[in-house]
Amino acid sequence: MKKRLAILLFYVLLLAAWQGVFSAGLLPKYAWPSPLMVAEKLRELAADGILWPSVKATLLRMFLGFGISALIGLTFGMLMGTNSFIYQALRSLFLGLQTLPSVAWVPISLLIFGLKDEGIYFVIIMSSVSAVAISAADGICNIPPLYLRAAQTLGTPWHAMGYRVILPAALPSLVTGIKLGWTLGWHGAVAAELIKSSIGLGFLLHMGRELNDVSQVIGIMLVTIFIGLLVDRFVFGKIEHRIRRQWGLVSS
Amino acid sequence: MTANAPAEKDSRLSLVAVSKVFRTDSQEVEALHSINLDVRDGEFVVVVGESGCGKTTLLNLVAGLDRPTAGRITSGGCPVAGPGRDRMMMFQEPALFPWLNVIENVTFGLHYLYHLSAAERRERARFYLDMVQLSPFEKARIHELSGGMKQRVALARALAPDPEVILFDEPFGSLDALTRERFYAQLQDVFARTRRTGVFVTHNVREAACLGDRVIVLTSRPGRIRTIVPIPLPRPRDFYDPEVSKLASHILGELRGRGGAAE
Chain A
1 MKKRLAILLF
11 YVLLLAAWQG
21 VFSAGLLPKY
31 AWPSPLMVAE
41 KLRELAADGI
51 LWPSVKATLL
61 RMFLGFGISA
71 LIGLTFGMLM
81 GTNSFIYQAL
91 RSLFLGLQTL
101 PSVAWVPISL
111 LIFGLKDEGI
121 YFVIIMSSVS
131 AVAISAADGI
141 CNIPPLYLRA
151 AQTLGTPWHA
161 MGYRVILPAA
171 LPSLVTGIKL
181 GWTLGWHGAV
191 AAELIKSSIG
201 LGFLLHMGRE
211 LNDVSQVIGI
221 MLVTIFIGLL
231 VDRFVFGKIE
241 HRIRRQWGLV
251 SS
Chain B
1 MTANAPAEKD
11 SRLSLVAVSK
21 VFRTDSQEVE
31 ALHSINLDVR
41 DGEFVVVVGE
51 SGCGKTTLLN
61 LVAGLDRPTA
71 GRITSGGCPV
81 AGPGRDRMMM
91 FQEPALFPWL
101 NVIENVTFGL
111 HYLYHLSAAE
121 RRERARFYLD
131 MVQLSPFEKA
141 RIHELSGGMK
151 QRVALARALA
161 PDPEVILFDE
171 PFGSLDALTR
181 ERFYAQLQDV
191 FARTRRTGVF
201 VTHNVREAAC
211 LGDRVIVLTS
221 RPGRIRTIVP
231 IPLPRPRDFY
241 DPEVSKLASH
251 ILGELRGRGG
261 AAE
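Here the protein sequences line up with chains A and B, keeping their order. The opening residue of the first sequence carries number 1 in the working numbering; numbering runs sequentially from there. The opening residue of the second sequence carries number 1 in the working numbering; numbering runs sequentially from there.
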């Protein structure tokens, strides 16, 4: 309770500082709006029926794009987890790709797909697939061999090892990988929309800059943070915590 | 009962001239040398030896997790070609699956017994959980159990598929003394009730004298059968019974004596 109060106090102070900079006129108005101006702009965007369709568009792209990415990543991860040659070869490749910022996939996506929506899916997939694949592969490689031997003596045929032992045993790291992949994919989605879309959170950011409307830019940034956190904490975070508690990896 | 005269048909387990050589790039290590052993139905055989004498290797061969370099192993007259439901194994670690709760761990080995319905599997798992006195914990998560309870779940899991033979690879090594001693009584009780055959590997001579109908003493590097000590004491046996102690020191003498571990 005390901790929550402290966090609340911190954000109140942060807002006050924001307002303070505005009131003192340290920065020009076109670059530094007040919190109220941002709130008013968001209300306006919502009332005009612009905000929600944009949020929905970005989320839908993420569900489809990241869904495909997770499937591809898990498949590669499983291949890597079962064969040490594939593991070594692909791990170095994926680690390399992971160092690339999401937005660096946008130019190549423009060249391949033009302004079509497929390009956004491409950026989402390329930004997130490495993280999912690496976590899945590491999760499988770190399964104690004893589990496999025990399952073997208990009559589990080889073809059933995958879903009876390997997948459930690697589940905690699979979920961690998917959670990380989601965040990276989210970065990619907004980055791609910024440049090549007519709807979505990234597009609203772009529009805000075009219109020199700093309230919209900051407002959409806040919405992007908020939704990213919401999915991270309340969807994947909850699933992750639940699994870790069942396994006894955290105290409940 | 001696080690020779392999009467493969009458015995539950039979090992004939079994050897195992491990090859690495630079060297060959003979872990087991020409082991002959017959285990009768319902018999509890304990294999003792120092660390590295190949006793775990012997167990892995019988379990079908590894193949002998030479010789043959039969279980119930059939050659051992891999793991089978007639031979269940308990490991040094409980090896329970943390993604399943207690009863799901016990039913794990029943999954491919297609003649059993889900309800029958549960019923059977409950029967064995009751036998190891863990009925109240069937819904518990694995990490909520103590070390001794985990090994009891592992025992129930090994019993559930109705194997003829249960193989034990030093299953009490990581338990504290009190828990371990309680387990000896429980294990004897379970085997008296279920009439299963047991092969138990340990380096603890007192444990061997307390649990075994016969104790196989292995030499080290390569592992050979030095001698077989019959334990003609009535059951259930107490770990601190003076007769058990006497036989334990006899086994220890055999283990150390006549040249000892040549190192």
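Bear in mind the hints are in silico, worked out from the structure with no lab data behind them. Note that beta-carbon positions come from the ideal geometry of N, C-alpha and C, so glycine has one too. Among the hints, erroneous ones may be present.
Claimed, not checked - If you want the ones that stay clear, here's a sample from chain B, every Cβ over 10 Å from chain A, calculated:
#, residue
1, Phe22
2, Arg85
3, Met88
4, Glu93
5, Ala95
6, His111
7, Gln186
As the list claims (entries may be wrong) - Computed spacing ranges between beta-carbons, pair by pair:
#, chain 1, residue 1, chain 2, residue 2, range
8, A, Ser84, B, Asp66, 55 to 65 Å
9, B, Ala119, A, Leu95, 43 to 53 Å
10, B, Ser117, A, Leu111, 55 to 65 Å
11, B, Arg85, A, Arg245, 48 to 58 Å
12, A, Leu95, B, Ala185, 47 to 57 Å
13, B, Thr24, A, Ile86, 53 to 63 Å
14, B, Thr24, A, Leu95, 29 to 39 Å
Taking the beta carbons of B/Ala119 and A/Leu95, is their distance inside 43 to 53 Å?
49 Å, holds
Is 48 to 58 Å right for how far apart the beta carbons of B/Arg85 and A/Arg245 are?
33 Å, violated
Just double-check B/Ala95 for me: nearest Cβ-Cβ distance to chain A has to come out over 10 Å.
Per Cβ check, B/Ala95 is inside 10 Å of chain A; nearest 4 Å; violated.
For the pair B/Thr24 and A/Leu95, does the Cβ-Cβ distance stay inside 29 to 39 Å?
Given about 31 Å between the Cβ atoms, the range holds.
Verify this label for me: B/Phe22 is non-interface relative to chain A, using a Cβ-Cβ cutoff of 10 Å.
Non-interface label stands for B/Phe22: nearest chain A Cβ at 17 Å, farther than 10 Å.
For B/Met88, is the shortest beta carbon distance to chain A beyond 10 Å?
Not fine: 6 Å to the nearest Cβ puts B/Met88 too close to chain A.
Checking a non-interface call: every C-beta of chain A should be farther than 10 Å from the C-beta of B/Arg85. Is that right?
Per Cβ check, B/Arg85 is inside 10 Å of chain A; nearest 5 Å; violated.
Outcome for the supplied range 47 to 57 Å, where the beta carbon pair is A/Leu95 and B/Ala185:
55 Å, holds
Is 55 to 65 Å respected by the C-beta to C-beta distance linking B/Ser117 and A/Leu111?
Holds: the Cβ-Cβ distance is about 60 Å, inside 55 to 65 Å.
Look at the Cβ atoms of A/Ser84 and B/Asp66 and judge whether their distance stays inside 55 to 65 Å.
21 Å, violated
Per the hint of 53 to 63 Å, is the separation of the Cβ atoms of B/Thr24 and A/Ile86 within bounds?
25 Å, violated
Separation of B/Glu93 from chain A, once the least beta-carbon distance is taken, above 10 Å:
At roughly 6 Å from the nearest Cβ of chain A, B/Glu93 sits no farther out than 10 Å, so the non-interface label is violated.
Checked against the numbered hints given earlier, this structure breaks hints 2, 3, 4, 5, 6, 8, 11, 13; the rest are met.
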